[in-house]
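In UniProt numbering, the protein residues as written are 1 to 431.
Any given hint could turn out to be false.
[To be verified] Just the calculated beta-carbon pair ranges, DEER-fashion: (1) 389 - 18: 27 to 35 Å; (2) 180 - 387: 24 to 32 Å; (3) 86 - 61: 32 to 40 Å.
[Stated by the list, open to error] 25 Å max Cα-Cα, derived BS3-like pairs, lysine-lysine: (4) 172 - 150; (5) 161 - 182; (6) 61 - 89; (7) 343 - 376; (8) 187 - 172; (9) 155 - 172.
No wet-lab data here; the hints were simulated from the structure. Think of the CB as a built atom: it goes at the ideal place given N, C-alpha and C, for glycine as much as any other residue.
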Amino acid sequence: MYSQLIIYLLEFIKYQDQIIRTLLTLLIGKSMFDKPTEKPVNKPYQKLQVDELPIIETLQKFDYRRLLDEYREKHGKPLKPVQRRSHSKVIVSKSINCPRCGAPSDYLYANNGEKGQYQCKVCSCLFNQKNHYSKEAVLKCPHCAKTLEKIKERKDFLIFKCKNNDCPYYQKKQIGLSQKEKKQFKKDPQSFKMRYIFRQFHIDYQPLAKRSPKKPKVDLSRLYVSPHTLGLILTYHVNYGLSARKTAALMKDVHGLTISHQSILNYENSVALMLKPYVDHYPYELSDQFCGDETYIRVNGRWHYLFFFFDAVKKIILSYPVSPNRDTQAAILAIDEVLLKMKEIPEDLTFVVDGNPIYLLAQHFFAQHDISFDVKQVIGLTNEDPVSTEFRPLKQIIERLNRTFKGNYRATHGFGSEQGSVSFVTLFVAY
1 MYSQLIIYLL
11 EFIKYQDQII
21 RTLLTLLIGK
31 SMFDKPTEKP
41 VNKPYQKLQV
51 DELPIIETLQ
61 KFDYRRLLDE
71 YREKHGKPLK
81 PVQRRSHSKV
91 IVSKSINCPR
101 CGAPSDYLYA
111 NNGEKGQYQC
121 KVCSCLFNQK
131 NHYSKEAVLK
141 CPHCAKTLEK
151 IKERKDFLIF
161 KCKNNDCPYY
171 QKKQIGLSQK
181 EKKQFKKDPQ
191 SFKMRYIFRQ
201 FHIDYQPLAK
211 RSPKKPKVDL
221 SRLYVSPHTL
231 GLILTYHVNY
241 GLSARKTAAL
251 MKDVHGLTIS
261 HQSILNYENS
271 VALMLKPYVD
281 HYPYELSDQF
291 CGDETYIRVN
301 GRWHYLFFFF
311 DAVKKIILSY
321 PVSPNRDTQA
331 AILAIDEVLL
341 KMKEIPEDLT
351 FVVDGNPIYL
361 LAQHFFAQHD
371 ISFDVKQVIG
381 LTNEDPVSTE
391 FRPLKQIIER
401 LNRTFKGNYR
411 ATHGFGSEQG
421 SVSFVTLFVA
431 Y
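With these hints in hand, go ahead and build the complete structure from the sequences.
This is the structure:
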């Protein structure tokens, strides 16, 4: 009797608990009861296909004064401004100039009425206020040489597509489809990449720009501990991979010094900020074999990504940024830190990375800034293609570096701030 009553009450309590959880989830908008995952969610990144760079044709600009002089010499009379009709509804603003030759509004036709297109009488340039000659160059498909059309605008880049049905790229893709894929293509064409696509980045980032170092919050010259004690703390914490709490306990038990774990973290941060400029700007003698990869670290309870770029011959870590996202902007920053360490960028510069497409997109970003290099992608764990066979040893070197770092990082159990993660990685690189 009592056992059945207890079982019934327990089931009723579980039912009430489920109702409370559901109501709280509906009220707050997200679940408060899901346990945080202890392992990073290793979702395979989208198989983004990155095409080769387009043909870039630079548009020539003119000076309208010189064009007017040439017209006068050729025709024996000056070129008259546009004569406006008195009853015209369209008014060309005085603030509008021709973006190609700089001619004032007196020489501009309202080409299509009130729709906003203008034509310059001096150089015959067609434009409107939205695309006021914003493109410094014309982008053309490398397969058919047709001008690319802008189809989408994203936060950090514009997407251009070749819409020419006679393009060899498009025709080759169509021929390569099986009968089953052709039927699926008719139903859902967006699931197939059939046309040439180029992404033009407008990220607010200037490559090869020097940045001012940050000043530490703790002045090392005013520390209560001696330089010898500071060296012991960093040796235990960084070289031997002990956590801050274990380092504090070791200093107390072995050396008789009472130091809090927070003081150790403050020392770590200050020393890292002082060492970082020396590590980043040291005049390294580099080889010509560079490899890169990313690994996981925990910051504020969330998984972040640590990007390593490594000189495989000289065994020098050249780049080590930490980012909350594994995206193109993080790859750009990582590669830029490598380029900053080079006296001159070699013509045959090559980076060996994994199959993540963000490195190819970063290559396109640097190409927009006239910085060229090659990217070799080692895909998977087995050598399925000649590139993977040739460059697999470099990829294995950077993987071993990741395992070495994880051995030191494991004792920290993650970091409470982004600055703490950067400080730890900086001291690891210096060590």
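Structure-based check of each hint:
1. 389 - 18: 27 to 35 Å: violated (55 Å)
2. 180 - 387: 24 to 32 Å: Since the Cβ atoms of residue 180 and residue 387 sit about 29 Å apart, the hinted range of 24 to 32 Å holds.
3. 86 - 61: 32 to 40 Å: For residue 61 against residue 86, whose Cβ atoms are near 34 Å apart, the range 32 to 40 Å holds.
4. 172 - 150: holds (22 Å)
5. 161 - 182: Within the cut-off at roughly 21 Å; holds.
6. 61 - 89: violated (31 Å)
7. 343 - 376: holds (23 Å)
8. 187 - 172: holds (20 Å)
9. 155 - 172: Not OK: residue 155 and residue 172 at ~31 Å, beyond 25 Å, violated.
In summary, the numbered hints that this structure violates are 1, 6, 9.
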